[in-house]
Amino acid sequence: MVVKFNNAMNADEVSALWTRTVAEAAASQSGATLTLDASDCATLGGAASALAVELRRIANERGLKLELRDPHGSLDTVFRVFPAEKFAKIETGLSGRSHSLAAQVGESTMRIWRDFVEQLAFLGEMVSGFLRLMFHPGRLRWRETLVCFERAGIDALPITLLIGFLIGLILAFMSAASLRQFGVEVYVADLIAIGLFRELGPIITSIILAGRSGSAFAAEIGTMKVNEELDALVTFGIRPAMFLAMPRVVAATLVMPVLTIFAVTAGLVGGAMVLVSMQVPPVTYLNHVTDSITLPNVLFGLGKSAVFGTLVGMVGCSHGLQTGRTADAVGRAATAAVVGSLVLITVFDGAFAVVAYFAGV
Amino acid sequence: MERKTVIEVNHVDAGYDHPVLRDVDFKVFQGEVFVVLGGSGCGKSTMLKHMIGLNPPLAGTVRLIGDNIWSGDPAERTRALRHFGVSYQSGALFGSMTLLENVLLPLECFTSLPPSARRLLALMRLEQVGLREYAGFYPADISGGMKKRAAIARALALEPEILFLDEPSAGLDPVTSAGLDRLLLELRDRHGMTMVMVTHELPSIFAVADRCVMLDRAAQGMIAQGKPAELRDYPPNDTVRRFFNRQAEGDKS
Numbered sequence: 001m002v003v004k005f006n007n008a009m010n011a012d013e014v015s016a017l018w019t020r021t022v023a024e025a026a027a028s029q030s031g032a033t034l035t036l037d038a039s040d041c042a043t044l045g046g047a048a049s050a051l052a053v054e055l056r057r058i059a060n061e062r063g064l065k066l067e068l069r070d071p072h073g074s075l076d077t078v079f080r081v082f083p084a085e086k087f088a089k090i091e092t093g094l095s096g097r098s099h100s101l102a103a104q105v106g107e108s109t110m111r112i113w114r115d116f117v118e119q120l121a122f123l124g125e126m127v128s129g130f131l132r133l134m135f136h137p138g139r140l141r142w143r144e145t146l147v148c149f150e151r152a153g154i155d156a157l158p159i160t161l162l163i164g165f166l167i168g169l170i171l172a173f174m175s176a177a178s179l180r181q182f183g184v185e186v187y188v189a190d191l192i193a194i195g196l197f198r199e200l201g202p203i204i205t206s207i208i209l210a211g212r213s214g215s216a217f218a219a220e221i222g223t224m225k226v227n228e229e230l231d232a233l234v235t236f237g238i239r240p241a242m243f244l245a246m247p248r249v250v251a252a253t254l255v256m257p258v259l260t261i262f263a264v265t266a267g268l269v270g271g272a273m274v275l276v277s278m279q280v281p282p283v284t285y286l287n288h289v290t291d292s293i294t295l296p297n298v299l300f301g302l303g304k305s306a307v308f309g310t311l312v313g314m315v316g317c318s319h320g321l322q323t324g325r326t327a328d329a330v331g332r333a334a335t336a337a338v339v340g341s342l343v344l345i346t347v348f349d350g351a352f353a354v355v356a357y358f359a360g361v
Numbered sequence: 001m002e003r004k005t006v007i008e009v010n011h012v013d014a015g016y017d018h019p020v021l022r023d024v025d026f027k028v029f030q031g032e033v034f035v036v037l038g039g040s041g042c043g044k045s046t047m048l049k050h051m052i053g054l055n056p057p058l059a060g061t062v063r064l065i066g067d068n069i070w071s072g073d074p075a076e077r078t079r080a081l082r083h084f085g086v087s088y089q090s091g092a093l094f095g096s097m098t099l100l101e102n103v104l105l106p107l108e109c110f111t112s113l114p115p116s117a118r119r120l121l122a123l124m125r126l127e128q129v130g131l132r133e134y135a136g137f138y139p140a141d142i143s144g145g146m147k148k149r150a151a152i153a154r155a156l157a158l159e160p161e162i163l164f165l166d167e168p169s170a171g172l173d174p175v176t177s178a179g180l181d182r183l184l185l186e187l188r189d190r191h192g193m194t195m196v197m198v199t200h201e202l203p204s205i206f207a208v209a210d211r212c213v214m215l216d217r218a219a220q221g222m223i224a225q226g227k228p229a230e231l232r233d234y235p236p237n238d239t240v241r242r243f244f245n246r247q248a249e250g251d252k253s
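So the protein sequences, as listed, match chains A and B. Under the working numbering, the residues of the first sequence are numbered 1 to 361, in order. Under the working numbering, the residues of the second sequence are numbered 1 to 253, in order.
Next comes chain A alone, as it looks inside the complex:
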């Protein structure tokens, strides 16, 4: 078998030659002669060099007799720089990271454990930070907190109002369709008011906060970690969790009840539009709403939303602080912040429902 190399072989020509000759060489009997002819070739290009190395590797592996026609020394140069033995195995197992199942399971377990410990440490640090702040509120970076408040709150107002309005509208339409059969569509006002204040208002707003601000907290802090800004804080003796996370968590906690009030108000306006279009007098709607909004309901809803705000802030910041040092790690941290926030919001909402049931709120 003779493989002839030309001076100006392009990648397509090498590709065709590779497919043909490599298969043929691999199928050759031991002792057969494989001739690499580079007599017309002063230098070999990259792809042709790779073909020569691969054929030599196959020749060594299958016991073929290799004959070189190499008057210009081009093949010799390639084999000197790229000895075929070095490329005997080109499997994927070259990584510095383990690929076996057991090793991956072990690494994942250790990672989960480390994450858990870090989350716990972060939680402890935040709780102690909150306690200290209660006695020394001046220690909080209020300027940073107000900036976070603005970004998480005021900037989120349009989307919160829109979604709150639409939810009120949809809720009114859905419930009115059923209650109308019994001639009691006026009670839709009670349903919307209680539903929005106790459940939907805090949930919708916290989902918006998690999507907008939780991910942003993680990405901001994660990028700072990639840029070694967190290292700079540590070497100053400043704790990043307190310096960066506390203003964000406080801002998220304070902004949530405010946003919830706006979302609920927009929802009530949406519901009013539907009921008024169904000939329910606006005054009747207003009376039903004010009668059903009791102080415990309002406090329960706003308290819940403040807790959800704390959760979103803490999850976002903790994922930011635990980011790896690569760009994709920042993306993963932002995703994890949103997913983690949504899971915790749902779990805590369930817990609140149980507590409210037994407390009779």
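Since the hints were derived computationally from the structure, they do not count as laboratory data. This structure is a prediction, so every number in the text was calculated from the model and none was measured. Treat the hints loosely; a few may be bogus.
[To be verified] Some chain A residues near chain B, calculated using beta-carbon distances under 10 Å:
{"no.": "1", "residue": "A8"}
{"no.": "2", "residue": "D12"}
{"no.": "3", "residue": "A32"}
{"no.": "4", "residue": "K86"}
[As the list claims (entries may be wrong)] For lysine to aspartate or glutamate, the following EDC-like pairs were computed, each having C-alpha atoms within a straight-line distance of at most 16 Å:
{"no.": "5", "chain 1": "A", "residue 1": "K86", "chain 2": "B", "residue 2": "E133"}
{"no.": "6", "chain 1": "B", "residue 1": "K27", "chain 2": "B", "residue 2": "E2"}
{"no.": "7", "chain 1": "A", "residue 1": "K86", "chain 2": "B", "residue 2": "E127"}
{"no.": "8", "chain 1": "A", "residue 1": "K4", "chain 2": "A", "residue 2": "E85"}
{"no.": "9", "chain 1": "A", "residue 1": "K65", "chain 2": "A", "residue 2": "D40"}
{"no.": "10", "chain 1": "B", "residue 1": "K49", "chain 2": "B", "residue 2": "E8"}
Using N, Cα and C, we set each Cβ at its ideal position, and we do this for glycine too.
Once you have looked at the hints, place chain B on chain A.
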């Protein structure tokens, strides 16, 4: 024998909104290592971005092997882009890919070679820069010097005629830096590759540069051009003299 011109920078005004450098004009010949040097903030990297097609110059043209990289003709621009590879200052390796996958990426996008051929070729490129054994490592797992070498391997993947290097020695220890210089000279000698290097590292300049051009912020343009040793020994002006003698502004000679 007249040497072939591979890069022509013709009367370029460099900058983003307003020119920081005016009327930059030079040629780079085949097989030479050409260094663009100058102090921090003088516009070296801006100039490089004009040369590799990232940002259009405010005036003038850049031709790579005859093709205008800022041509309105997309085919000509594509041809120009194929002539070169770039090794960025930070390496710019894709963090979610192994070194092998980083080098494989251009081969997968722009060649019709079978997968086994691409893989072997990528490993050969890594072997050239001494990183074959690290093929499966992720960029986060290797040192800064290794990242720079891996970036060179990726830039070499498609066998470009020209290699642009942005601050290849920045942040490296002297031994690693000298190793990188040797690698560049090997690539030039073995493949006849033309290299354009943006740097202000004097040891690297003297180790590898055949010719250089010096840019200056205050003069808003080129202030010297020639062989590094000539510029050091016979500086045409005070700025060049201070640069090659590592003198701060106001120091007496």
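Do the hints match the structure? See the list:
1. Among the interface hints, the one on A:A8 is violated; its C-beta lies about 13 Å from the nearest C-beta in chain B, farther than the 10 Å criterion.
2. The closest approach between the C-beta of A:D12 and any C-beta of chain B is roughly 5 Å, which is under the 10 Å cut-off, so the hint is satisfied.
3. For A:A32, the suggested interface contact is broken, since its CB lies about 21 Å from the closest CB of chain B, more than 10 Å.
4. The beta carbon of A:K86 is positioned within 10 Å of a beta carbon in chain B (closest approach about 7 Å), and the interface hint is therefore held.
5. Restraint check for A:K86 and B:E133: satisfied, since their Cα atoms lie roughly 10 Å apart, inside the 16 Å limit.
6. Distance restraint check for B:K27 and B:E2: the Cα-Cα separation of roughly 13 Å lies within the 16 Å cut-off, and the hinted pair is therefore satisfied.
7. For the hint linking A:K86 to B:E127, the alpha-carbon distance of about 9 Å falls within 16 Å, and the restraint holds.
8. Distance hint between A:K4 and A:E85 is unfulfilled; the C-alpha atoms sit about 22 Å from each other, more than 16 Å.
9. A threshold of 16 Å between alpha carbons decides the hint, and for A:K65 with A:D40 the separation of about 22 Å lies outside it, so the pair is violated.
10. For a cut-off of 16 Å, the pair hint linking B:K49 to B:E8 stands: about 15 Å separates their Cα positions.
Comparing the model with each earlier hint shows violations of hints 1, 3, 8 and 9; every other hint is respected.
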